[in-house]
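Novice: Below, each chain spelled out in residue letters.
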Amino acid sequence: MAQKPEKIVWKFSYTLVLTLNAVYIYLFYLLMQNFA
Amino acid sequence: MLRIDWIVLIGTLLFIVLYGTWKSRQQRSVGDYFKGGSTANWWTIGLSVMATQASAITFLSTPGQAFHDGMGFVQFYFGLPIAMVIICLVFLPIYHRLKVFTAYEYLESRFDQKTRTLTAILFLIQRGLACGITIFAPSIILSAVLGWNLFYLNIIIGVLVIIYTVSGGTKAVSVTQRQQMAVIFIGMLIAFLLILNYLPLDITFVKALEIAGANGKMDILDFSFDFDNRYTFWSGIIGGTFLALSYFGTDQSQVQRYLSGKSLKQSQMGLIMNGILKVPMQFFILLVGVMVFVFYQFNSSPLHFNPSAVNAVENSVYAEEYSALEIEKQGLDEQLIEAQLSYGKAVDESEKQEYAVLVSELNQAEQGLRDQAVALIKKANPNAETNDKDYVFIHFILNNLPRGLIGLLLAVILSAAMSSTASELNALGSTTTIDLYRRNRPGKREKHYVAVSRAFTLMWGVIAIIVASSAHLFDNLIQLVNIIGSIFYGNVLGIFLLAFFIRYVKSRAVFIAAIITQIIIIYFWYIDLMPYLWLNLVGSAIVIGIALLLQVILGNKDPELPETAS
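Residue numbers (our numbering), protein chains in the order written: chain A, 1 to 36; chain B, 37 to 602.
If we strip away everything but chain A, and leave its shape as in the complex, we get:
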């Protein structure tokens, strides 16, 4: 019996982790603008 492909289930936590990291990078950008 061949394996069935897994069903990809997108969760809110994935959106959260990616959004938060985008926010971190934006904050780094602001920090750099202010102090670099």
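I should point out that these hints are in silico values taken from the structure, not numbers from a laboratory.
Don't be surprised by glycine CBs; every beta carbon is placed ideally from N, CA and C.
Worth double-checking, as some hints may not be accurate.
To be verified - List of simulated lysine-lysine pairs, DSBU-like, C-alpha gap at most 30 Å:
id: 1; chain 1: B; residue 1: K298; chain 2: A; residue 2: K7
id: 2; chain 1: A; residue 1: K11; chain 2: B; residue 2: K298
id: 3; chain 1: B; residue 1: K243; chain 2: B; residue 2: K381
id: 4; chain 1: B; residue 1: K59; chain 2: B; residue 2: K480
id: 5; chain 1: A; residue 1: K7; chain 2: B; residue 2: K150
id: 6; chain 1: A; residue 1: K11; chain 2: B; residue 2: K135
id: 7; chain 1: B; residue 1: K425; chain 2: B; residue 2: K243
Unchecked claim - A short, non-exhaustive set of chain A residues, derived as facing chain B with CB atoms under 8 Å:
id: 8; residue: S13
id: 9; residue: L18
id: 10; residue: L31
id: 11; residue: M32
As the list claims (entries may be wrong) - Non-contacting residues of chain B with respect to chain A, defined by C-beta distances greater than 10 Å in every case (computed):
id: 12; residue: G47
id: 13; residue: I192
id: 14; residue: P236
id: 15; residue: E246
id: 16; residue: Q304
id: 17; residue: G404
Given chain A's structure and the hints, the job is docking chain B onto it.
Specialist: Frame of chain A, contents of chain B only:
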């Protein structure tokens, strides 16, 4: 070190070891031993994953990296959250559905036993050597700065880890990692607050950041496409995702951490926790290094932080030249401290600018002296380690922290070494038992397999100590281990990418492709075709390309495979 430091250090480490051993004392089945009975909740998994990646070198080297080169290294971790999401979406559901103990076990159900065994052996070679270096790397630094005996230090770290990892398996590893991460977070936070406290009264945190920024330490993001610069936004996002995917998705020392989750959801949440906390954590460790830089703007710093290298030049014919450089640096330090104090007090913007230019010139002059010192060290001993970034933070700790806290910060470093080593030993034991021993000797009692698992974990612990203890005999063993990792890692990742994403490719094609790729990569390394770190990416691309080509040639002749592996 004072008696109170020894009490804090030994007390902390012994408590963690004894607590971990006691909490995990009953292991009846292989499931208990290698998956901790599948009872771990998300935050235990998250902490365990973070503790495994954060070795002692993370806490010794990263602040030193920021001290010299600023905050740009944080970009290296930008791909990690993307990799966490991909693993949660694709890798983890499959591992969980098949109820595998190791990542390589999955490859048997997707391909065949040969592919599983091959990847397991490649992992054992690479991780077995790397585990010894996880012990050796902090030992060599601590022995250089504290004068501790390198051989005994290797043995002490190794034996402490062996005690709880052999007796309690995965549960002991995750229980101790919770304590170790608590010690690490508390220790680093106290160090950070103390550095701020040590700055002159009128230097606030914002002013400290201004000073760091004026000296190029706050250049956090680099959006250029400069391939000569190792850390840019793009290399972090693209290369970082690729590296994190291979490390967290296919390296058993990490896979085993999240396979111990009580449910798929708990395992996924553990990885998401890592994805949320990793970048701020690395940012914080780098910020500690930048604050150490600011601290040394108001206090004298050594010309070179590595005492072994300094010792080499001081006992050579270049001692007088080196001494002259040190005197010159002292003069510069005095001017720098005065200029920084004036900069801190300046209110007028033009006055501030004037002092900023002066400070920058003085720092450049200091850097010039440091470069001359490195040149002298190289002349005195061509094999000396002249990159002193690993020694900056430990130098600051030993010379500036109050009594008791030196012991705590040393406990942070040794805890980090132990947490990474424990995960590695645990993974080496599980891969040897599950993928090699039990696969070829099935049908025995659980008690038998638990005993064998303990024996293999002990065996790898002894090998790690032997590697750590003999590492100093080789000039560049750390680099050799990294090269060996790069030679195998790309191939293994390519096999996993084929397994997960290219269902068209079957077992025979992938196995032949893996063998051919390994020969090609070893040849590429032998003729020194490219910097060895690129072998990861190239190995991965070659195995995928050859497997696809072979599959087209072979056609769909591979037999259908069973869904689960033993």
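Novice: All hints are to be evaluated individually against the structure, with a verdict given for each.
Specialist: Right, here's what the structure says about each hint:
no., hint, verdict
1, B/K298 <-> A/K7, "holds (21 Å)"
2, A/K11 <-> B/K298, "holds (19 Å)"
3, B/K243 <-> B/K381, "holds (10 Å)"
4, B/K59 <-> B/K480, "holds (27 Å)"
5, A/K7 <-> B/K150, "holds (28 Å)"
6, A/K11 <-> B/K135, "holds (22 Å)"
7, B/K425 <-> B/K243, "holds (24 Å)"
8, S13, "holds (5 Å)"
9, L18, "holds (6 Å)"
10, L31, "holds (6 Å)"
11, M32, "holds (5 Å)"
12, G47, "holds (36 Å)"
13, I192, "holds (38 Å)"
14, P236, "holds (19 Å)"
15, E246, "violated (6 Å)"
16, Q304, "violated (7 Å)"
17, G404, "holds (23 Å)"
Of the numbered hints stated above, those contradicted by the structure are hints 15 and 16, listed in ascending order.
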